[in-house]
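For the sequence shown, the residue numbers in the numbering used here are 481 to 800.
Take these hints with a grain of salt, some might be off.
[To be verified] Mimicking SDA-like on lysine to any residue, the simulated pairs with C-alpha atoms at most 25 Å apart in a straight line are:
#1 LYS494 x ASN731
#2 LYS703 x ALA735
#3 LYS606 x ALA571
#4 LYS491 x LEU767
#5 LYS540 x GLY568
#6 LYS585 x ASN618
#7 LYS494 x ALA702
[Claimed, not checked] FRET-style restraints, in silico, Cβ to Cβ:
#8 LYS590 x ALA735: 57 to 65 Å
#9 GLY756 x ASP553: 15 to 23 Å
#10 ALA583 x LEU620: 36 to 44 Å
#11 SER793 x TYR752: 41 to 49 Å
#12 LYS590 x MET515: 15 to 23 Å
#13 ARG736 x THR593: 53 to 61 Å
Please keep in mind that the hints were generated in silico from the structure rather than gathered at the bench. Cβ atoms here follow ideal geometry from the backbone N, Cα and C, with glycine treated the same way.
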Amino acid sequence: MFSKVNVDIVKYRKIWFGISLLITIPGVLGIIACMSKYHAPLKPGIDFTGGSILQYQFDKPTSLESVHKVLEDCGFHGSQVQQATISGQEAVVMRTKSIDTEAQKAALDKKLTEELGTFKAISVDKVTATIGPELLSNGLIALLVTFGGMVAYISYRFKFDYAACAIAALAHDIMVLVGIFALLGYFVGTEVDSLFISAVLTVIGFSVHDTIVVFDRIRENAKYVGNKVIDPVSKVEYKRTFGDIANDSVNQTLARSIYTSLTVIITLLALYLLGGVTTKDFVLAMLIGIISGTYSSIFNASCLLVWWRAQKSTSKPRPA
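Sequences are here, hints too, so could you generate the full structure?
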């Protein structure tokens with residue numbers, strides 16, 4: 481009926497909650513530090529602050545990494561470099577912080593010519609930060625709608641306490657991701673852009689999916705709560721509690737959760753180590769989110785549900 485329990489996860493839930501706090505608290509401090517330094521919870525990138533877009537066609541083939549290095553040497557940290565096809569020819573598109581003077585552009589062009597050879601400037605445009613407020617407001621609305629929809633759906637398919645615990649685990653994953661990037665922004669200068677928003681939304685979907693798999697198994701096995709079984713060690717008969725059922729359910733889905741996450745993590749590691757510089761921060765955000773989501777679905781969501789049920793049972797009035 482039940483698979484052999486390998487890890488007593490529910491018993492040590494205080495340890496798992498403590499680990500989550502140890503990971504989350506530095507991130508919260510990083511967010512507070514970024515608020516005082518950048519007036520934002522994360523260091524904003526070009527999508528939020530505005531900047532310049534340069535489209536250049538080089539006479540000889542050049543790598544995006546070499547272009548990015550030249551931009552870094554000229555003081556344009558956090559720039560984005562992409563390959564594009566314009567009028568049937570290969571071009572390099574550079575998104576940098578705002579180039580305000582001709583002297584700055586002349587110095588950059590000189591350095592590019594010295595390092596990478598001659599080029600033809602297709603266009604040089606200056607963009608404003610109008611996308612920032614719109615993206616922020618739309619993102620917050622989308623997040624609230626998503627959370628509301630998740631609570632409604634999980635409450636309908638399961639129960640409200642399942643939904644509340646799933647959202648709590650999801651909030652943990654977002655806080656871990658945002659907190660780590662806040663620390664990276666404060667100490668290393670890592671900026672966030674629209675790709676980071678995409679990573680957060682992807683992490684939300686993955687985290688909830690993984691948690692629902694565990695919760696579905698708990699719901700299937702919940703009918704065995706109260707069944708009498710004999711402890712294989714002490715040979716003492718006892719009734720199975722909801723904590724016992726949740727622990728068995730987590731262990732039954734443990735291998736599946738780890739294998740699925742490892743497949744994604746290996747792919748993301750390959751992209752992070754072998755991919756281009758322009759996608760490193762996006763892949764890093766995905767890596768952090770997937771690892772945190774796997775941890776929370778196994779160690780936080782189910783343990784939080786057991787704690788919730790225990791609090792409800794102790795708060796019930798005793799019969800007179």
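Hints, one by one, checked against the model:
With a CA separation close to 18 Å, the supplied pair LYS494 and ASN731 stays within the 25 Å bound. A C-alpha spacing of about 23 Å is found between LYS703 and ALA735, which places the hinted pair at or below 25 Å, so the restraint holds. Taking the CA atoms of LYS606 and ALA571, the gap is about 18 Å. The hint holds against a cut of 25 Å. Among the hinted pairs, LYS491 with LEU767 is inconsistent with the structure: their alpha-carbon atoms are about 28 Å apart, more than 25 Å.
The hinted pair formed by LYS540 and GLY568 meets the criterion: a straight-line CA distance of about 16 Å does not exceed 25 Å. With a CA separation close to 34 Å, the supplied pair LYS585 and ASN618 exceeds the 25 Å bound. The straight-line distance between the Cα atoms of LYS494 and ALA702 is roughly 23 Å, inside the 25 Å bound, and the hint therefore holds. A hinted range of 57 to 65 Å for the beta carbons of LYS590 and ALA735 is consistent with their spacing of about 58 Å.
The given range of 15 to 23 Å is respected by GLY756 and ASP553, whose C-beta atoms sit roughly 18 Å from each other. Evaluation of the 36 to 44 Å hint for ALA583 and LEU620 yields a pass: the beta carbon distance comes to about 40 Å. For SER793 paired with TYR752, a C-beta distance near 45 Å keeps the hint of 41 to 49 Å intact. A C-beta distance of roughly 38 Å is found between LYS590 and MET515, which places it outside the suggested range of 15 to 23 Å.
Between ARG736 and THR593 the CB atoms are about 55 Å apart, so this pair conforms to the stated range of 53 to 61 Å.
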